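K.L.:
Sequence:
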Amino acid sequence: MKKFALFDENGLPISFYSSEIHGENVPEDAVEITVAQWRDFIENPDLRKWIDGEVVAVEPSQPVATVTDYENAIQNLVDSTARERQFRDGVTLASYIGSTKPKWAAEAQAFVAWRDNVWFYAYGELAKVQAGQREQPTVEQFLTEIAPIAWPVA
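Note that the numbering used here gives residue 97 to position 92 of the sequence shown, counting from 1, and the numbers run on in steps of one.
In case anyone wonders, no lab produced these hints; they're calculated from the structure.
Watch out, some of these pointers could steer you wrong.
[To be verified] What follows is a set of in silico ranges between Cβ atoms, one per label pair, in the way DEER data are often shown:
id : residue 1 : residue 2 : range
1  : W156      : Y128      : 18 to 26 Å
2  : T39       : P68       : 28 to 36 Å
3  : P107      : T143      : 38 to 46 Å
4  : I102      : E64       : 24 to 32 Å
5  : A155      : R44       : 57 to 65 Å
6  : A152      : T73       : 39 to 47 Å
From a predicted model like this one, the values you see are computed outputs, not experimental measurements.
The beta carbon of each residue, even a glycine, is placed where N, CA and C say it ideally should be.
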């Protein structure tokens with residue numbers, strides 16, 4: 006039993022054929038492959054290519070992060086930063102900016118200034134990505150660009 010495959014211009018399989026099933030109806034431009042190569046393609050969909058007559062493993066493509074992905078990660082960073090000081094989240098900590106307790110008010114003021122700078126930076130850099138002025142970083146890479154908060158010294 007002979008196996009055949011058609012590949013697109015990138016070497017990805019489009020279709021498979023078997024002499025046993027398709028007989029004389031195998032397309033003329035189909036490439037003969039071994040049963041082992043056929044099995045490798047079938048068992049690893051989208052992870053194999055045909056390059057120079059060989060099956061080659063490829064890394065799966067990662068989905069491109071959306072603005073929402075960055076926003077969610079940044080908001081998580083903002084909220085987790087607030088939790089460092091035992092506040093429920095960023096909104097709760099920001100609400101203490103007018104607190105009668107000086108320690109809480111100082112933490113809230115530092116937090117709000119930091120939070121505003123975080124979002125100002127993030128949206129500015131994401132606008133550069135959208136305008137083609139910088140490469141799009143992964144969400145994880147982008148978070149490393151965020152300056153840490155400077156909490157007030159008690």
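K.L.:
Now, for every hint given, state plainly whether the structure supports it.
P.N.:
Here is what the structure says about each hint:
no. : hint                    : verdict
1   : W156 / Y128: 18 to 26 Å : holds (24 Å)
2   : T39 / P68: 28 to 36 Å   : holds (33 Å)
3   : P107 / T143: 38 to 46 Å : holds (40 Å)
4   : I102 / E64: 24 to 32 Å  : violated (47 Å)
5   : A155 / R44: 57 to 65 Å  : holds (58 Å)
6   : A152 / T73: 39 to 47 Å  : violated (23 Å)
When held up to the earlier numbered hints, the structure conflicts with 4, 6 and fits the remainder.
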